[in-house]
Structure formats: C-alpha cells, structure tokens
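Using this note's numbering, the letters of the sequence shown map in sequence onto residues 6 to 275.
Please note that a few of the clues may not be correct.
[Said to hold, decoys possible] Per label pair, the in silico range of CB-to-CB distance:
#1 S155 x N199: 20 to 26 Å
#2 S155 x N115: 22 to 28 Å
#3 R238 x R114: 19 to 25 Å
No lab work stands behind these hints: they were computed from the structure.
Keep in mind it's a predicted model, so treat the numbers as computed, not measured.
Just so you know, even glycine gets a beta-carbon here, dropped at the ideal spot from N, CA and C.
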Amino acid sequence: MSAIVARIGAGQAAPRLISALRRQSGPGHSLAGLTLSDYRGASTTLVRTAIGAHTNRPLERIDVPPALQECGSGIGVIVADASEAATDSRQPATDCTGGITVVHTGGIRNARALGDELLAAGHHRSGHDSWSCAEIIAHLVEEGIRRRLSAHSALDLAVARLDGNCGIIVLEAGRGHLAAAAHGAPLVHARTANEAFIASDVDALPAHIHEFRILGDGYSIEARHLADRWRRRGRELSSPQLHSRISEMPSPPMPLRGLQSSARVPTPAA
C-alpha cells in the first residue's frame, strides 16, 4: 500500500515532505516519489526511486537542486513494498499537460474501463502497457480543467467516477495549490499560521502539530497558501471539527485504512 503527503505554505517544501515520508517509511524495500511546484505552470518530479534497507539511497540523502529549494508546494508518496504491481508504484503521475500531478493510496476497480475511455479521448499513457491508478485520476482531473473547472471541482467529478477506496491528493502546478479527496479511505489535514499538510496518516504530520481535521468519506478540500475550502459530496461546508493527537483518541480506535501504522483517528461526524 501507499502512504501520501502534501505540503503548501511559506518556506521550503522539500525538507518538510522528505521528513514526512521518512516518518511513514518502513525498514524494508520501498519506492519514494516527490514532486514540487515551481509556481510557473509546471511541476518537477525530483525522485521516483527505490529506497530502504536494501538500497544505497536512503530517503534522507535526496538532493534538491538549488532552483527548486524555495518551492513551497509539493506532494510525496511512499509505496511500502517495491514488489507491488507497477500500477501502484508509478507515482507521482501527471496529466498530458504536466500541470496536474497526483498521488493516491488505495485502489480503483474500474481502472481498465476508465483507461480505455481516456485512450479513446486522446490521452496518453506514460510509456507503459497499462494505466496506473494515479495516471487515470490525473487525466480525469485534466478533463475537468479543460471544461474550465477548478482543480477542486474537477477532482470532485473525477472521484464520482471511481469504483474503489482511495485517498487522493492533486498538485496544481500553475498556482501551487492542492486539492484532496477521501473516497472510502480517510485523509488528515492540519494547518499552522504558515503552512498546511494533507496526509494519509497522522504520523506524517510534524511533531509540533498537535491538532488535525479528518477528511472522511465524501470529503474534499482545496488548500491554498493561507486558506482552505471544504466540501462534502460536492456541497460547500465549514471546516470539520479539530481533533487532538494527544487528548482525543477514540474508543474504539479506527486506523487510517490501508497503512501499517499505530496512529489512530476518530470517526468523522456525518
């Protein structure tokens, strides 16, 4: 399975994302992916490589080129088992324009049918014989943006077409904004005065962040540099309640689905 994280805000995104991915990586063989936004209409994938105990490239040694060190937005993914199907490990994935980048956790049962439809509509695979789930989502979001929808609205429409359980984060490179959706697999969101994080696991959040919100099934969010916009099943709503990593552990606990983690989050209110 995959663990995903995104960050937006002031200062450098890369070291914060690398630290978050390191907190979610296990001792075994893994795949890491990291994409940063340069705020000029394109994104740059820094890493899509094997890491872990059986490689000589630990996550901590990722070098960020000087031109990308000041980027404030980015997304990352850890695939816990590098032997998993290639369709899960080809992340982050981009659309035809390179302006939309996607990471996800979970799976899509109707991936083949959606991929055939995308091919017929003129979209291109990334040089592989089959579509990855992340690619399919990226191209579905691209379809919505072609209709002049925001990335948030385009993601909501894309999610409505997915048969499966997944958590999704989209990086819109042109503005450096993030959009995320929980489709059967919850995500967490946390914001400080200067930055915001979205992740598939509470453990990804920096240690100094003690409060978070939950994206339960059907929730989506657009995260900008200073504010967030929340929806549930396409309808605007105010921010869900805050939960504390320390004082609000639920009984019984509910793990974030799809991850081998000791972190627990309460079930979000309807």
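Now the hints, each set against the structure:
no. : hint                    : result
1   : S155 x N199: 20 to 26 Å : holds, 24 Å
2   : S155 x N115: 22 to 28 Å : holds, 25 Å
3   : R238 x R114: 19 to 25 Å : holds, 20 Å
The structure agrees with every numbered hint stated previously.
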